[in-house]
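Enquirer: Sequence:
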Amino acid sequence: MKKRTAFIGAILSLIPLGQPLIIKTGVFLSSSAVMLSLPEKVSARNAGFYFNRAFDKAENGDHYGAIADYTKVLEIDPKDEVAYYNRAISKDEIGDYYGAIADYTKAIEINPNYGNAYYNRGNSKDELKDYYGAISDYTKALEIDPNNADSYVNRGNVKDAIGDYYGAIADHTKALEIDPNDAVAYYNRGNSKAELKDYYGAIADYTKAIEINPNYKSAYKNRGIDKETIGDLKGACADWQKASQLGDQDATQWVRNDC
Numbered sequence: 000m001k002k003r004t005a006f007i008g009a010i011l012s013l014i015p016l017g018q019p020l021i022i023k024t025g026v027f028l029s030s031s032a033v034m035l036s037l038p039e040k041v042s043a044r045n046a047g048f049y050f051n052r053a054f055d056k057a058e059n060g061d062h063y064g065a066i067a068d069y070t071k072v073l074e075i076d077p078k079d080e081v082a083y084y085n086r087a088i089s090k091d092e093i094g095d096y097y098g099a100i101a102d103y104t105k106a107i108e109i110n111p112n113y114g115n116a117y118y119n120r121g122n123s124k125d126e127l128k129d130y131y132g133a134i135s136d137y138t139k140a141l142e143i144d145p146n147n148a149d150s151y152v153n154r155g156n157v158k159d160a161i162g163d164y165y166g167a168i169a170d171h172t173k174a175l176e177i178d179p180n181d182a183v184a185y186y187n188r189g190n191s192k193a194e195l196k197d198y199y200g201a202i203a204d205y206t207k208a209i210e211i212n213p214n215y216k217s218a219y220k221n222r223g224i225d226k227e228t229i230g231d232l233k234g235a236c237a238d239w240q241k242a243s244q245l246g247d248q249d250a251t252q253w254v255r256n257d258c
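Numbering-wise (numbering that gives the first Met the number 0), the sequence shown opens with residue 0 and increments by one.
Keep in mind that the hints are not guaranteed to be accurate.
The following label-pair restraints were derived from C-beta to C-beta distances [unchecked claim]:
1. Gln252 / Thr172: 30 to 38 Å
2. Lys196 / Ala101: 39 to 47 Å
3. Ser135 / Tyr199: 30 to 38 Å
4. Gln244 / Tyr63: 32 to 40 Å
5. Ile177 / Lys71: 35 to 43 Å
6. Pro213 / Cys258: 14 to 22 Å
7. Asp144 / Gly64: 26 to 34 Å
8. Pro111 / Ala67: 25 to 33 Å
9. Cys258 / Lys71: 52 to 60 Å
10. Asn59 / Ala203: 38 to 46 Å
11. Thr70 / Tyr199: 48 to 56 Å
12. Ile177 / Thr70: 35 to 43 Å
13. Gly162 / Asp61: 35 to 43 Å
By construction, these hints were calculated from the structure, which means they are not laboratory data. Note that the Cβ used here is the ideal one computed from N, Cα and C, for glycine as well.
Produce the entire structure from the sequences given, and follow the hints as far as they go.
Expert: In structure tokens form, the structure reads like this:
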């Protein structure tokens, strides 16, 4: 029986852009009662203009334009942690992971309890295969927000990448305690169980992922691999046929050659 390669675990996406701290008219929203001098008012309005324009550019996929405008915001207000955070997201989107990490780090220096910045910085580190750094950031995000299921899912996936399959299973299980409908957590836990040769446990988890998301082609594909491993070729072929229908090219080839 030929060894097939399972589709790797899924990392959940970045936490979205921080919302503007400035209303659309460009008037600065301040939580304090301090009166601004005229030059300060002008700077605040300018920062608001650039922030709002950057936000809109990023929402429309113009990340280079957004980066330029967030940079203008930070020239006016170097302590705006949300501008650093949002600029980091745009840098992530264009593949500048080192630049993103630098900006998330600045946001955290300004606001040490910025849980989303730790989470997203963990994602950037994962992209660079700095797995231990990513685990550290997800752990810090969880210290700030212990009910963030996504942090458990992503930390679990990174633990899987370094071969800590039991740790990965524990994290995905914790994520599922928080969100029992997290198909990615079931899928990733199934991958870790398969690595430990718990094929029946893996099949059960892929099945749960499919119940939640009936179009989860990677779950069909990997469940088919594990069914083949335990000798259920008929079940494997049924899963690969479904994965093939959903667009998986490997599954299409396996159906053609083995079913």
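Enquirer: None of the hints should be skipped; say for each whether it holds.
Expert: Consistency of the hints with the structure:
1. Gln252 / Thr172: 30 to 38 Å: holds, 34 Å
2. Lys196 / Ala101: 39 to 47 Å: For alanine 101 against lysine 196, whose Cβ atoms are near 41 Å apart, the range 39 to 47 Å holds.
3. Ser135 / Tyr199: 30 to 38 Å: holds, 34 Å
4. Gln244 / Tyr63: 32 to 40 Å: holds, 38 Å
5. Ile177 / Lys71: 35 to 43 Å: Given a distance of about 39 Å, which is inside 35 to 43 Å, the answer is holds.
6. Pro213 / Cys258: 14 to 22 Å: holds, 21 Å
7. Asp144 / Gly64: 26 to 34 Å: Taking Cβ atoms as reference, aspartate 144 and glycine 64 lie about 31 Å apart, which means the hint holds.
8. Pro111 / Ala67: 25 to 33 Å: Once the Cβ atoms are compared, 28 Å apart, the range 25 to 33 Å for alanine 67 and proline 111 holds.
9. Cys258 / Lys71: 52 to 60 Å: holds, 58 Å
10. Asn59 / Ala203: 38 to 46 Å: holds, 42 Å
11. Thr70 / Tyr199: 48 to 56 Å: holds, 54 Å
12. Ile177 / Thr70: 35 to 43 Å: This hint holds: roughly 37 Å between Cβ atoms.
13. Gly162 / Asp61: 35 to 43 Å: holds, 40 Å
In the structure shown, no violation is registered for any of the earlier numbered hints.
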